[in-house]
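Asker: Letter by letter, the chains look like this.
There are 2 protein chains.
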Amino acid sequence: MAWRDKGKRVVTSNKELVAEKGAELLKIAAEHGCNFLFEASTGGAIPIIRPLHQCLAANDITAIAGILNGTTNFIITKMINENMAFGDALALAQKLGYAEQDPTADVEGHDACRKICILASLAFGKHVYPKWVHCEGISAVTLEDVMYAESWGGAVKLIGSVKRTDGGKILPIVRPAFVCSNNQLSHVSDVFNGIMVYGDAVDEVMFYGRGAGKIPTASAIVADIVDVAKMTETSISQTWEDSSDDSFIADYKDDIVSVYVRVKGVPAEKISEAFGTVEYLSRDGQPADELAFISPAMKERDFDSKLEAIGGEVLGKIRVLELE
Amino acid sequence: MAWRDKGKRVVTSNKELVAEKGAELLKIAAEHGCNFLFEASTGGAIPIIRPLHQCLAANDITAIAGILNGTTNFIITKMINENMAFGDALALAQKLGYAEQDPTADVEGHDACRKICILASLAFGKHVYPKWVHCEGISAVTLEDVMYAESWGGAVKLIGSVKRTDGGKILPIVRPAFVCSNNQLSHVSDVFNGIMVYGDAVDEVMFYGRGAGKIPTASAIVADIVDVAKMTETSISQTWEDSSDDSFIADYKDDIVSVYVRVKGVPAEKISEAFGTVEYLSRDGQPADELAFISPAMKERDFDSKLEAIGGEVLGKIRVLELE
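In order, the protein sequence lines correspond to chains P and U.
Per my numbering, residue 1 is the first one in the first sequence, and the count goes up by one each step.
Per my numbering, residue 1 is the first one in the second sequence, and the count goes up by one each step.
Chain P with its partners taken away, still in its complex shape (with noise of 0.2 Å):
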């Protein structure tokens, strides 16, 4: 790339390209006196990146979450308004042209990966790399899961999120989870994106639209493309430093979580010995020998060995979303 030139600007829509790659290029552009912007990068037509950027001036971020794939959203949202099966979703998606052919990236939680990894970044100042983040996608949702979730008082939606840790980490996460209807996430419907930003000044703060789509991401380049033509010189501020190792990302097994499981064979005794008081769930059809419950909050691998102790077959298991 021909960056040798100060004052060169190098404006990009490519989430793969940043969240791989950001660092280096962000330091790469500071060294040749380059700007490098990429809000379309995430969110799409959603002003984020540099509002973000903006509350950042002000707060100490203590967490990002977001509906950050419109795709995945639309699959969700057609199975709990239409009771449409995953795969019929899926396959509706493809027919108009919101998935891929290959739905991989968005079903299983890589590019929602990529674009909190982004966000991480940018946030807490540290390249965060999608490899190190762990990656749930949908595919596993059962109409019974979202059924459940309604009955709860909720929605089940694909989550990418990152928050501070107590011990001075972070932890970066993509997961389906159990979303309470008092969050606006779970308000976010079909192929919109929500991304939620708590600080401590703010509070929290919402930023919702179009996440994808060539005229939107069209217009966010638009937008970028005017920012650095204004600029009469580099200025650099959406910047954060590569980072050699992992030792900043949190493990979630260490996080302390609610989940909702859907279990077939287990007697409600064993759930109390194992869960102590459980919150059951109901839903329309519910079999005699299926049981649905919210556990305690716990640390997820504490939970992992309460789940194995009650023995029977799993169903479903999807965590309950709690950031603040």
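These are calculated hints, taken from the structure and not from any lab test.
Careful, some of the hints might be misleading.
[Stated by the list, open to error] Each pair of labels, with its calculated beta carbon distance range:
(1) U/Leu143 / P/Phe248: 51 to 57 Å
(2) P/Asp246 / U/Trp132: 53 to 59 Å
(3) P/Asn81 / U/Gln101: 42 to 48 Å
(4) U/Asp304 / P/Asp200: 46 to 52 Å
(5) U/Lys253 / P/Thr142: 50 to 56 Å
(6) P/Ser181 / U/Ser151: 17 to 23 Å
(7) P/Lys299 / U/Val226: 36 to 42 Å
(8) P/Lys126 / U/Asp242: 45 to 51 Å
(9) P/Thr142 / U/Pro296: 41 to 47 Å
(10) U/Lys131 / P/Tyr280: 55 to 61 Å
(11) U/Glu269 / P/Gly153: 40 to 46 Å
[What the hints assert, rightly or not] According to the in silico footprint, chain P covers these stretches of chain U (three or more CB under 8 Å from chain P):
(12) 49-62
(13) 206-215
C-beta atoms are modelled at their ideal positions from N, C-alpha and C, and glycine is treated no differently.
Following the hints, complete the assembly by docking chain U onto the known chain P.
Answerer: Frame of chain P; chain U shown alone:
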């Protein structure tokens, strides 16, 4: 004000000042080579002035609609969620310090009016004075209205909005509105604000957060201060022209609206006669002589004549929000 020196910067959170004197102050600032920033004047902690300006770079803004006043949104939320009457909810808001002892500016929509004037001026480039904006508050909204809105599939919200009209004018207005649950604004609760921006490229983008409070407002002010501190030279891009008269403001009576109506002592035949086919709503405890319906879309002045023609006692009348 000692703005004589080039490079001076002014940052304000005073919405009344910006709504009443913005064009004049922006002109003086430009003449004296000063920066004049006012992010905190609208939406409190929510970054909206700068992102809106950024959106403008690549979009023709077609409309803006917002929940711009946290106090009234808190009152309405209490009415919806806890069945509190307007007076009780207002008293609670006063007790909690959300509402002033004289709550007129909030409750009658004057505060929301100032904010939509600022957003309209910025989006459409000409100063919109509050005196030109038709403004209705929430003091006439009843628990019955709130219940009918729910049965219709939405919520009553105090909405400040502005949109381009067919005749090349703009229509700013503040009024309670029936907001459909498909619209993100219907889910903005408590003291939170939400601002939806409609543009030809972005489609719709929403900004959500705390609209008031010392710390959130301070956060927006700090963002402005950091911004001006980084500016090596004057760069007032967030500006608009003054307007000598209101000839560019459309008459709200000419706008096409659907309206929710609650009447007593009017037979259904009279309603059909005047309005044609309407959508009837129902609520718990609805008396036999009460009817509530959504009118077909028509010019507001035509609606008014028809409503007068049906006679009876009008107990409630709230416009349906339609901007898209």
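Asker: Against the earlier hints, flag every one the structure doesn't satisfy and list their numbers going up.
Answerer: none
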